[in-house]
Amino acid sequence: GAVVSQHPSRVICKSGTSVKIECRSLDFQATTMFWYRQFPKQSLMLMATSNEGSKATYEQGVEKDKFLINHASLTLSTLTVTSAHPEDSSFYICSASGDRHQETQYFGPGTRLLVL
Amino acid sequence: QQQVKQSPQSLIVQKGGIPIINCAYENTAFDYFPWYQQFPGKGPALLIAIRPDVSEKKEGRFTISFNKSAKQFSLHIMDSQPGDSATYFCAASPGYSNASKIIFGSGTRLSIQP
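Residue numbers (the working numbering), protein chains in the order written: chain V, 154 to 269; chain U, 8 to 121.
Treat the hints loosely; a few may be bogus.
Stated by the list, open to error - Covered stretches of chain U (in silico footprint by chain V; criterion: 3 or more residues with CB under 8 Å from a CB of chain V, positions within the stretch not fixed): (1) 39–45; (2) 48–56.
Claimed, not checked - Simulated crosslink set (EDC-like; lysine to aspartate or glutamate; CA at most 20 Å straight-line): (3) Lys208/V to Glu175/V; (4) Lys65/U to Asp91/U; (5) Lys173/V to Glu216/V; (6) Lys219/V to Glu175/V; (7) Lys49/U to Asp241/V; (8) Lys219/V to Glu240/V; (9) Lys49/U to Glu175/V; (10) Lys108/U to Glu212/V; (11) Lys64/U to Glu256/V; (12) Lys108/U to Glu216/V; (13) Lys194/V to Asp241/V; (14) Lys108/U to Glu256/V; (15) Lys108/U to Glu205/V; (16) Lys194/V to Asp91/U; (17) Lys173/V to Glu240/V.
Read the hints as simulated data drawn from the structure, not as lab findings.
Even glycine gets a Cβ: it sits at the ideal position worked out from N, Cα and C.
Could you put the whole structure together from the sequences, leaning on the hints where they help?
Structure, rendered in structure tokens:
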């Protein structure tokens, strides 16, 4: 149990376009989902925390208008990178936790974004 | 206060050896300490986790040792194999709800030589 999927696994886009990344909990209800960003050979940096049906809470320094997060259901959260630029190229990873798993976060496989 | 310090940054061990990765924390409110394993290009996978009410936890070849008074914990991998080569992250969390943030260590790149 506790499987989290992400789609797409990798995406290449042109500068100025928007990209949407989906995160799904496949076998449990995720009351809370987290979005992370990871640069090569570095640790995970938390971008935001989202609870189902409410606005996401963004970490300091993360632009909420650039990284739009929606958590419309207990199994789906989306991250939209708006007007992407090359500096947004990174590895984006979501995680999910729910009532069944309390404090444990289960991570998705990640999405590699490359902005040209 | 919120940091989790992890060492070493990288580690090379011969097959069958016992790599040890150490972590330390300051915030006494942390109540849940998971370890994650990450392979290149993949998301982190939960390996094993411990709470401070026990000093040791074993799951297969993986063992966490926990020293509450020193605010330190470590991961030992017994009979290490080349397939264990990955980046390992220790982490800490208040653990009181499913919305609790996890604070990650900086990671240890482990290489097991055949």
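Is it true that the CA of Lys108/U sits at most 20 Å from the CA of Glu205/V?
Between Lys108/U and Glu205/V the Cα gap is close to 16 Å, so the pair holds against 20 Å.
Between the alpha carbons of Lys219/V and Glu240/V, is the straight-line distance 20 Å or under?
Measuring from Cα to Cα gives roughly 12 Å; hence the hint holds.
Take a quick look at whether Lys173/V and Glu216/V sit within 20 Å of each other, Cα to Cα.
Judged against 20 Å, a Cα distance of about 16 Å means the pair holds.
Pair hint outcome, Lys108/U versus Glu216/V [Cα-Cα no greater than 20 Å]:
19 Å, holds
Proposed proximity, Glu256/V with Lys64/U (alpha carbon, max 20 Å):
The given pair, whose Cα atoms are some 18 Å apart, holds under the 20 Å limit.
Assess, step by step, whether the Cα of Lys108/U is no farther than 20 Å from the Cα of Glu256/V, and give holds or violated.
9 Å, holds
The region 39–45 of chain U covered by chain V? Criterion: 3 or more residues, Cβ-Cβ distance below 8 Å.
Contact hint for the region 39–45 of chain U vs chain V: holds, 3 residues under 8 Å.
Holds or violated: Lys108/U with Glu212/V, Cα cutoff 20 Å?
11 Å, holds
Has the given pair, Lys194/V with Asp91/U, been kept, meaning a C-alpha gap of at most 20 Å?
Roughly 17 Å separates the two Cα atoms, so the pair holds.
Hinted pair Lys194/V and Asp241/V, Cα distance within 20 Å:
16 Å, holds
Tell me if the straight-line CA distance from Lys65/U to Asp91/U falls inside 20 Å.
Roughly 16 Å between the alpha carbons, so the hint for Lys65/U and Asp91/U holds.
Below or equal to 20 Å on CA atoms is what counts here, so check Lys49/U against Glu175/V.
16 Å, holds
Going down the numbered hints, you'll see the structure goes against none, and every one checks out.
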